[in-house]
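S.K.: The residues making up each chain are set out below.
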Amino acid sequence: MLNTKIKESQEICLDERSVNLREQIIKSVISAGRGHIGGAFSSLEILRVLYDDILNYDPKDPRLINRDRFILSKGHSCLALYVLLAEKGFFPKSELSRCFKTGAMLGGHPERDKIPGVEASTGSLGHGLSIGVGLALAAKIQKRSNKIYVLLGDGEINEGSVWEAAMAASKHKLDNLIAMVDYNKVQSAGSVDSIMSMEPMLDKWTSFGFETIEVNGHDISELKEKLSLERTLSKPLAIICHTVKGKGINEAEGNPEWHYKRVDESLGENLIKQLKDAL
Amino acid sequence: MRNTCFEMIHLLAKQDERVIFIGSDLSPGLLGDMQEEMPDRFFMEGISEANIIGMAAGLAMDGFIPYVVTIGTFITRRCYEQIAVDLCLHDLPVRLIGIGGGLNYAPLGPTHQSIEDISLMRSLPNMQVFAPCDAEEMKRFMPETLKNKSPIYIRLAKGYDPVISDDSRGFTFGKAITISEADESENDVLLLSTGIMTQESMIIQKALSKENINTKILHVHTVKPLDSVKILKEIYQSKLVVTLEEHTLIGGLGSSVVELLSDSEKEFCMSQIMRFGLPDKFVEDYGTQESLLLQHGLDADSITKKILHRFKD
Chain L
1 MLNTKIKESQ
11 EICLDERSVN
21 LREQIIKSVI
31 SAGRGHIGGA
41 FSSLEILRVL
51 YDDILNYDPK
61 DPRLINRDRF
71 ILSKGHSCLA
81 LYVLLAEKGF
91 FPKSELSRCF
101 KTGAMLGGHP
111 ERDKIPGVEA
121 STGSLGHGLS
131 IGVGLALAAK
141 IQKRSNKIYV
151 LLGDGEINEG
161 SVWEAAMAAS
171 KHKLDNLIAM
181 VDYNKVQSAG
191 SVDSIMSMEP
201 MLDKWTSFGF
211 ETIEVNGHDI
221 SELKEKLSLE
231 RTLSKPLAII
241 CHTVKGKGIN
251 EAEGNPEWHY
261 KRVDESLGEN
271 LIKQLKDAL
Chain U
1 MRNTCFEMIH
11 LLAKQDERVI
21 FIGSDLSPGL
31 LGDMQEEMPD
41 RFFMEGISEA
51 NIIGMAAGLA
61 MDGFIPYVVT
71 IGTFITRRCY
81 EQIAVDLCLH
91 DLPVRLIGIG
101 GGLNYAPLGP
111 THQSIEDISL
121 MRSLPNMQVF
131 APCDAEEMKR
141 FMPETLKNKS
151 PIYIRLAKGY
161 DPVISDDSRG
171 FTFGKAITIS
181 EADESENDVL
191 LLSTGIMTQE
201 SMIIQKALSK
211 ENINTKILHV
221 HTVKPLDSVK
231 ILKEIYQSKL
241 VVTLEEHTLI
251 GGLGSSVVEL
261 LSDSEKEFCM
271 SQIMRFGLPD
281 KFVEDYGTQE
291 SLLLQHGLDA
301 DSITKKILHR
311 FKD
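Chains as they are written, first to last, in my numbering: chain L, 1 to 279; chain U, 1 to 313.
Since the hints were derived computationally from the structure, they do not count as laboratory data.
Pairs of lysine-lysine, BS3-like flavour, derived with a Cα cap of 30 Å:
no.: 1; chain 1: L; residue 1: K114; chain 2: U; residue 2: K149
no.: 2; chain 1: L; residue 1: K171; chain 2: L; residue 2: K143
no.: 3; chain 1: U; residue 1: K224; chain 2: U; residue 2: K306
no.: 4; chain 1: U; residue 1: K14; chain 2: L; residue 2: K171
no.: 5; chain 1: L; residue 1: K60; chain 2: U; residue 2: K147
no.: 6; chain 1: L; residue 1: K143; chain 2: U; residue 2: K149
no.: 7; chain 1: U; residue 1: K14; chain 2: L; residue 2: K140
no.: 8; chain 1: U; residue 1: K147; chain 2: L; residue 2: K114
no.: 9; chain 1: L; residue 1: K143; chain 2: U; residue 2: K14
no.: 10; chain 1: U; residue 1: K175; chain 2: U; residue 2: K139
Next comes chain L alone, as it looks inside the complex:
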């Protein structure tokens, strides 16, 4: 079953928009010199669908009280978030070419009070779901109908704090909280299975009191469909997104060496060509 899910996520061909977003990420990495490419590429379609089709937000009023909240708990995938926030008009696209530089708005991990549209400063792992629990409780107390989405890494959920948060979300029946796992099966040091296996992933979340669904994390239409489902259960929702680390680049796919990678102009141009040739 798991192998089928992995195969399905590997087989998805990227469309023009996904290639274009990856091109912007690679250009930012060339300018910055290095970046977390692997996780940005595994998360990208999840973020694309959230910002294109699911989240309620207003880039002109990023702190609108009724907005949906999105927390990138795996903060190192921030390049995927940055290109989407820029595209949606939270800040000028020119910021993307200044990433990680002195005086830049955009750093190697997202920061709440520096970047419009970023809900929480992340980078240290295992924090986002607890913050999401607080935001979901706040919405309940204030009788707001907005939702809170938290994207977690599969290595990130090694952290015990994630499971403390999962217990709290379940205790409080936070049906306005959606935990999404970017399950790309590779963490920094190697495969998740060899470092700290999180299987049986679905059963873990189910036993912690979540409604659980699985989705191909690169399949735009499936993501849209599953994220738009009307919910009836008074439970938090966990969406296990089967993804491929480094999706779209042959040598990066499933390769931990590409977790944090130095990319010069020549390599970057080759990567962009590879992505475009596959269209």
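Assemble chain U onto chain L, guided by the hints.
M.R.: Structure of chain U alone, referenced to chain L:
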């Protein structure tokens, strides 16, 4: 002090809908009235400090003022990174209330003796540190927690401490309180103390006055931000400066004062300063708070003798 603090949280919650109580796994029935009156703002979340801090951050991001309560060592050591990142980096108005500051939990050993909490908290950007001397001072302070925009660590001493503070001396968060018997501008000895050690300061002050040594106390309830202007002014008018704290000598009040002097442009002879606190090791014995203070020479008699010895030198 502990009960007063909890009663004040309830009182503030009645006045202000932003107030939220979050405990970990505290005494049964604690703040039962509040739980009954406002169940949506009362949380007992189990032994999960890391999650509690993040949850408090999320609530504060959307306008609430969470008061998080658990044992001092757990609220500082266990979830230090959550405090640094979720609260301090976001600069959120969350109140961390550490029960059993200092040697309060004497019988329970080093896992519960909170001897470096001030040091841990004051080194974090945006964090503020408050250590009141008694329940009445706690009462004067708590309304400030509705106004202040940044995180505050509040160190609780035990219950039923004698009341030594006095409304007539005034109270402002961040401002040290002068306790002086005479109206001298020059001090023979200046005692700087925080938390319940100001009780010892007052005994020492009386003992020194019998020796005709003019002694002024600055009760430094707010260790961060430190009342630098007043502390420096008094230090430069004193022959001997003494700091007292129920805390390791690394990073607490004494360290703050020495750092302040070191950064000051005016000359000061470091041999004019004596620091009293706990040594850089876990407490090895049990007993009572008083017995452990005595064992570490942090009782008024031992300190008075050392001051007299130094002063007469």
